[in-house]
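Q: Going down the list, the sequences are from chains B and W. For the first sequence, counting from 1, position 117 maps to 116 in numbering that gives the first Met the number 0; every step adds exactly one. For the second sequence, counting from 1, position 176 maps to 175 in numbering that gives the first Met the number 0; every step adds exactly one.
Derived by calculation from the structure, the hints in this document are not laboratory data. Treat the hints with caution; some may be incorrect.
30 Å max Cα-Cα, derived DSBU-like pairs, lysine-lysine [said to hold, decoys possible]:
(1) B:LYS196 to W:LYS299
(2) B:LYS195 to B:LYS116
(3) B:LYS253 to W:LYS362
(4) B:LYS300 to W:LYS239
(5) B:LYS195 to B:LYS78
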Amino acid sequence: MKFIVSSSYLLKQLQVLGGVINNSNTLPILDNFLFELSGPKLTVSASDLETTMSSVLEVESDAEGSIAVPARLLLDILKTFPEQPLTFVMEDNNTIEISSNHGKYALAYADAAEFPKTVELSDPSATSIVGDVLATAIAKTIFAAGNDDLRPVMSGVFFQFSPENLTFVATDAHKLVKYQRTDLSASEVAEFIMPKKPLNLLKGILAGSEAEVKVEYNESNAKFTFDNVELVCRLIDGKYPNYEAVIPKENPNKLVIDRVQFLGSAKRVSIFSNKTTHQIRLKIAGAELNISAEDIDYSNKAEERLGCDYQGDDMQIGFNSRFLIEMLNNLSSDEVSLEMSLPNRAGILTPADGLDEGEYITMLVMPVMLNN
Amino acid sequence: MNRTILHLDLDTFFVSVERLLDSRLQGRPILVGGLSDRGVVAACSYEARTCGVHSGMPMKMARELCKEAIVIKGDASVYTRYSETVTRIIRENVPLFEKASIDEFYADLSGMDRFFGTYRYASELRRRIIRETGLPISFGLSVNKVVSKVATNEAKPNNQRLIDPGREKTFLAPLSVRKLPMIGDSTYLTLRNLGIRRMSNLQEMPGEVLYRVLGRNGLTIRDRANGIDMTPVIPFSERKSISTERTFDRDTIDVQRLRTILAAMTENLAFQLRRGGKLTACVSVTIRYSDFQTYSKQLKIPYTSADHVLIPRVTDLFYRLYDRRMLIRLIGVKFSHLVHGNYQIDLFEDTEETIRLYEAMDKIRLRYGDRSVTRASALGVKTIGRMTNPFNGQPPIILAHRKQ
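Chain B on its own, in the form it takes in the complex (with noise of 0.2 Å):
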C-alpha cells in the first residue's frame, strides 16, 4: 500500500477528524485513524464508538489496503510541515513510513480490523438541510444544553422534524430554547435527541457551508452526509420532556429593549453578584428597568437603571445572570422581548428584529423565588 498527498490537505481533512477522538479511551484503537485505501481514494475514519467521522480524500495512488495509524503521532508531524507532498509506504514490519522533503519517519500502525464498524442505518427517513441552516440551529441551541448525567436526555438537543417545519429544541430544566424552521420541512414526522459532541463538530465543520446536508435517522443512530464528509452516532436514548407544556402561554408583561444595553448591564451589574449563583434583580416599572444584584458575603453591590417600553404591571423578578447573558449573546437582535407573567414563571425571551423569513426563535429562562 503507497500513496501521494499534498501535507496540508490532508493536515486539514484530519484536523476536523480528530475532533471525535476522545483525550483517554477505554479502547487503545480509538486513537488511531482508520486509512481504508482503493485506488485514489483514500477514506480515514475516526471513532470514539459513539460517534464515527470519515472523510474521502483524493490521493495518488492504484493500490488497495486498511490500516489504523496512531492520531496524535501523525496530527503532531503533519502540523510541522510546510506545504509538500508527502509519500505513505507501507513496511513488511507493521510500520508505515512517511517521505518528506526533509527526510522519513516511521510510525507503528493497528491492525484496521480492531477498528469498530461504521453502524449501517436500518431502515433510515431522510431529509437534508442547508449546511448553514443546521449550523446555525445547532449554535442556537446547543448552549442551552444541560451537564447533568442523572437526566441525559437534556445533555442533548432535540430533533423534531414534521412536513411543517423542523425544531430544534435544548433545555437543562432552568432555560429551554426552541429553534423552529418553517421554510423548511422532512417527508415524514419523527423526533429524536442528539448528543452534544457530533452537534459541535457538524457546528464548525458546516458553517457559512452552502452544501446540502442528507440526515438520515432511525431509532437509534443518525447520519449526516455531506461533501466528502460521513458523520454516523448514536442517539440519546429516553423520552424529551414535554416542553411545550412549561412555555407559559398568557404573558400580560412584555418588555421591549435594545439587546446590547440589556446585555451590557446584566454583564456588569452580574459581576456583583454572588460568585456561586449569579442571581440579579430585575424591577420594571413604567417604562424604566432597574438591574441589580448584591452579593452579602462581599458587601458588594450594583444597580443599574436602563430605558425601556414596557406594558403590564410593575414587578420584580430574579434571574441567574449566567443564563441571561448567555441567551443575550446568542441572539443577533437589535431589539429583545421578554415577556413574563409572574415573578415565579418562566420569562420568554424572543428577538423583536433580524430573523430570516420562517424562523423562530423562543427563549425560556425560569426565574429564582424571590423573598420580598
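The hints should help you fit chain W onto chain B, whose structure is shown.
A: Same frame as chain B, but now just chain W:
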C-alpha cells in the same frame, strides 16, 4: 499595639433568668434542663453546685445528688430575649464586640484608655447591665481573649477582675491547667499523666515536647498558658451550616417514625434556608445507635432550598446509613456549603402550585411561627423547630453542657 480585651459572662444565666421571673427561687438550689430520663443539666445554681452537680450531668444523677433542688425545664426563647437585652446594652457601649454564645461576650476596648480608664469603663458597663436587666454578670479584662476569659472564671460569681498588662503569666501560673480554654477532659488527662498540673508547668515546658504529645494544638496550648493569644474579636459570625438533631427519650427502631422526624427536621431547616435567603449544596444525616456508635453520611447536591428536593435526599441517606438493625438513640440532619441565593425554579419538576405553596407556607410561618404550618406527615412530631433565625449573625444557641 497593646490590646485591651474585655470578656463578659452572665453568671448561671438560665438560673438567673428563672430567678428574675420568680423571686422565690433566690438562694435555693436550682437545676435547669431536660426533665425526661435522657435529660441533662443545662445550668445549675451555685447552691446546687455545692452538692457536686455540674452542667452536662444527667438530670437523674443530679437529682440524686441534690434532692432538695428545684428542677425547671427552661424556655430557650425567654433566655434568648434576655440575652438580646444584654447584647443591646453592650452594643451601645463598646466599639467592637463578639457574641460568643448566648451568655458570653468579648469586647475590644483597645485604645480607649486614652479617654477613659478601660477598667473603670468596663466596671460601669457591668453595673449598667446589672442595673438594667437585674442579671448578675462577671467580667475579666486583659490584653487578649484567653486571659480575659480565665480572669472572668476566676472572678465569678458576680464579680470582676483586671489583669494588668504584663502580669498575664504570673496570673495564670498558679492555676490548674484545667482552667485554660481548649483543655477538655481528654487533654487534661494526657497532661496530668505527664505530671503537668499547674499552668506554671505548662509555661516551662519545651514546645517540642508538647508538640510530640498533643500535635500542633500543643503549641497553641503552650502559648495560651503563657498568656499569648492573638485571636481577634469577630463582630459577626456567618453560619457555615445549619443542623438539628433529636435524642429520643427511649431508643427506637420505628423506621416510620424516624422518617417522619427526618422529614419534619428537613422541612424546618429548608424553611430556615429560605428565610435566610440561602441555598445548600450538601446534606448530611447522622444516626447514633443505642451503643453510642455514631455514623453519618453526606451527599453533594445542586444548590437548592426546596423541601421536595431535600426530603427525598435525606430519606435516601438515612436508608443507606441505617444498616445495623439496632435501636437508634439520636438522629440529626445538617445542611452545609451554604451560599446566599434563592431557589432556581426547575422547568419540569416544579409545578406552579408547588412554588406557590412554598411561598404561602413561608408567609404563614413568618407571621405565625415556624410550626404554624407543616406537612401532614410531620404533624406527629412536636418539638422540631427553632425559635430564632439561624442567619441573624449570632452564634447558635448551645445549651451550656454542649459548649465543650
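Q: Next, verify each hint and record whether it holds.
A: Hints, verified against the model:
Distance check on the hinted pair: LYS196 of chain B and LYS299 of chain W sit about 27 Å apart at the alpha-carbon level, within 30 Å; holds. Taking the CA atoms of LYS195 of chain B and LYS116 of chain B, the gap is near 22 Å; set against the 30 Å cutoff, the hint holds. Of the supplied pair hints, the one linking LYS253 of chain B and LYS362 of chain W holds, its CA atoms being roughly 28 Å apart against a limit of 30 Å. Straight-line distance between C-alpha atoms of LYS300 of chain B and LYS239 of chain W comes to about 22 Å, which keeps the hinted pair within the 30 Å bound.
With a C-alpha separation of about 27 Å, the suggested pairing of LYS195 of chain B with LYS78 of chain B holds against the 30 Å cut-off.
Of the numbered hints given earlier, the model fails none.
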